[in-house]
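Asker: Given next are the chains, with one letter for each unit.
Number of protein chains: 2
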Amino acid sequence: MVSTKFINQLKTKYKITFNNPKLLEEAFTHSSYANEHPNDGVRDYEKLEFLGDAVLELAISDYLYRNFPQLNEGELTRMRSNIVDTEGFARFAQEFGFPAEINLGHGEEKAGARARKTLLEDVFEAFNGALFLDQGMNAVEHFLRLTVFPEIDAGNFDASRDYKTDLQEFLQQDGPVKIEYQVIKEVQTPSSFTVQLVVNGKVVSQGNGHNKKAAEQEAAKVALNELN
Amino acid sequence: MVSTKFINQLKTKYKITFNNPKLLEEAFTHSSYANEHPNDGVRDYEKLEFLGDAVLELAISDYLYRNFPQLNEGELTRMRSNIVDTEGFARFAQEFGFPAEINLGHGEEKAGARARKTLLEDVFEAFNGALFLDQGMNAVEHFLRLTVFPEIDAGNFDASRDYKTDLQEFLQQDGPVKIEYQVIKEVQTPSSFTVQLVVNGKVVSQGNGHNKKAAEQEAAKVALNELN
Numbered sequence: 001m002v003s004t005k006f007i008n009q010l011k012t013k014y015k016i017t018f019n020n021p022k023l024l025e026e027a028f029t030h031s032s033y034a035n036e037h038p039n040d041g042v043r044d045y046e047k048l049e050f051l052g053d054a055v056l057e058l059a060i061s062d063y064l065y066r067n068f069p070q071l072n073e074g075e076l077t078r079m080r081s082n083i084v085d086t087e088g089f090a091r092f093a094q095e096f097g098f099p100a101e102i103n104l105g106h107g108e109e110k111a112g113a114r115a116r117k118t119l120l121e122d123v124f125e126a127f128n129g130a131l132f133l134d135q136g137m138n139a140v141e142h143f144l145r146l147t148v149f150p151e152i153d154a155g156n157f158d159a160s161r162d163y164k165t166d167l168q169e170f171l172q173q174d175g176p177v178k179i180e181y182q183v184i185k186e187v188q189t190p191s192s193f194t195v196q197l198v199v200n201g202k203v204v205s206q207g208n209g210h211n212k213k214a215a216e217q218e219a220a221k222v223a224l225n226e227l228n
Numbered sequence: 001m002v003s004t005k006f007i008n009q010l011k012t013k014y015k016i017t018f019n020n021p022k023l024l025e026e027a028f029t030h031s032s033y034a035n036e037h038p039n040d041g042v043r044d045y046e047k048l049e050f051l052g053d054a055v056l057e058l059a060i061s062d063y064l065y066r067n068f069p070q071l072n073e074g075e076l077t078r079m080r081s082n083i084v085d086t087e088g089f090a091r092f093a094q095e096f097g098f099p100a101e102i103n104l105g106h107g108e109e110k111a112g113a114r115a116r117k118t119l120l121e122d123v124f125e126a127f128n129g130a131l132f133l134d135q136g137m138n139a140v141e142h143f144l145r146l147t148v149f150p151e152i153d154a155g156n157f158d159a160s161r162d163y164k165t166d167l168q169e170f171l172q173q174d175g176p177v178k179i180e181y182q183v184i185k186e187v188q189t190p191s192s193f194t195v196q197l198v199v200n201g202k203v204v205s206q207g208n209g210h211n212k213k214a215a216e217q218e219a220a221k222v223a224l225n226e227l228n
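Line order of the protein sequences matches chains A and D. No gaps in the numbering here: position 93 of the first sequence is 93 in full-length UniProt numbering, and each next residue is one more. No gaps in the numbering here: position 59 of the second sequence is 59 in full-length UniProt numbering, and each next residue is one more.
Don't take each hint at face value.
[To be verified] With a straight-line cut-off of 25 Å between C-alpha atoms, the simulated BS3-like cross-links for lysine-lysine are:
#1 D:Lys221 with D:Lys202
#2 D:Lys164 with D:Lys221
#3 D:Lys212 with A:Lys47
#4 A:Lys202 with A:Lys178
#5 D:Lys185 with A:Lys47
#6 A:Lys47 with D:Lys110
#7 D:Lys164 with D:Lys212
#8 A:Lys178 with A:Lys13
#9 D:Lys213 with D:Lys185
It is worth saying that the hints were derived from the structure and are not from the lab. In this text the structure is predicted, and so the values were computed from the model without any measurement.
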């Protein structure tokens with residue numbers, strides 16, 4: 001059973017109270033538990049996960065589309081797949097205290113399923129599916145605004161985060177090279193940064209972006225294109 | 001440019017009038033056209049396609065979840081992937097007269113892109129993305145209720161529809177074979193059917209399902225597993 005403590009936490013931290021508490025219970029019920037308790041009438045989370053997967057995909061796509069107008073479709077797609085990811089969803093599930101609430105069968109419990117990332121991802125999706133059924137898309141978006149969206153804004157899932165690493169690996173093939181990213185322009189509302197990339201004291205490229213990290217990636221990308 | 005005839009058709013057949021006609025135009029603009037007309041200020045459909053893909057995924061998942069309560073998660077997922085499919089979306093695009101409206105560059109036009117299924121699928125997704133941005137999820141669901149959902153209800157995307165065909169093809173490799181599906185048990189509320197499969201007068205397998213069709217598919221599946 002989902003604990004009273006958790007239910008209170010949902011209410012105080014995220015202003016979420018389920019109209020139908022059975023949906024919340026279902027979101028936290030693994031098939032191994034449902035199989036061991038056939039008379040409880042509780043269903044496992046798999047169908048909610050099916051729905052929640054699509055709910056999160058749209059909520060996140062919509063957010064990216066509206067808030068990152070400078071990205072092209074390829075960049076949006078890469079960024080979305082960085083977010084809609086086992087590792088990331090499992091981490092969110094952990095941060096929100098989901099693991100302790102999962103109804104697990106004995107065998108799975110002993111096998112360590114409570115810490116299994118794919119299971120935590122499933123539960124995170126199922127929870128959002130349950131919230132969508134209980135209160136609609138607005139409620140899911142409200143929850144994500146308090147949790148996932150700030151991390152997107154902080155650049156934690158930037159599509160192009162690999163350009164800097166790629167450039168570093170390329171430049172340091174034959175030994176160490178000094179790589180610097182310097183902010184040369186910064187504008188507030190709408191925020192915009194220009195960064196220049198300096199390799200061994202020589203300016204190599206510039207990049208723009210909605211935050212410093214994105215601008216650095218852009219600069220690294222430009223440099224990589226010129227070098228390749 | 002999207003034709004007045006098409007705009008009128010959207011209005012009379014589907015009760016759709018875009019508040020922002022630019023979104024409709026964008027949904028029908030291929031990158032090859034946008035590249036050839038840099039001064040038109042028209043964007044290609046790729047970002048709308050990114051969004052529309054997720055819009056359709058949720059609209060269809062939600063519909064399946066609510067209307068097929070007897071299906072388990074695996075069956076729902078298979079059915080969804082039968083619907084969210086290049087072939088199917090391209091066919092819808094064709095039925096709704098989308099191909100004639102696409103803004104294409106000269107090279108792509110000559111290369112036959114107007115009939116290319118992947119392009120038609122893209123435009124179908126982009127159209128739904130544009131409708132979502134212009135009028136929200138309810139409008140998309142209204143459009144799908146008039147177009148895609150009736151086909152789902154008609155069983156045109158049933159997850160398991162291929163087993164019967166597969167079995168027939170397998171059995172009739174060396175000439176005609178008599179294949180019969182006989183209902184041997186029928187229960188109401190919750191509805192449940194048991195069917196036996198009879199090949200050339202010999203009972204080969206049985207199948208259960210929430211309706212006759214599902215039970216027949218199950219019987220065909222069991223027989224296929226035994227034969228392979």
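Asker: Against each hint, give a clear statement of whether it holds in the structure.
Answerer: Each hint tested on the structure:
no. : hint                   : result
1   : D:Lys221 with D:Lys202 : holds (17 Å)
2   : D:Lys164 with D:Lys221 : holds (8 Å)
3   : D:Lys212 with A:Lys47  : holds (23 Å)
4   : A:Lys202 with A:Lys178 : holds (10 Å)
5   : D:Lys185 with A:Lys47  : violated (28 Å)
6   : A:Lys47 with D:Lys110  : violated (46 Å)
7   : D:Lys164 with D:Lys212 : holds (13 Å)
8   : A:Lys178 with A:Lys13  : violated (45 Å)
9   : D:Lys213 with D:Lys185 : holds (14 Å)
Checked against the numbered hints given earlier, the structure breaks hints 5, 6, 8 and satisfies all the rest.
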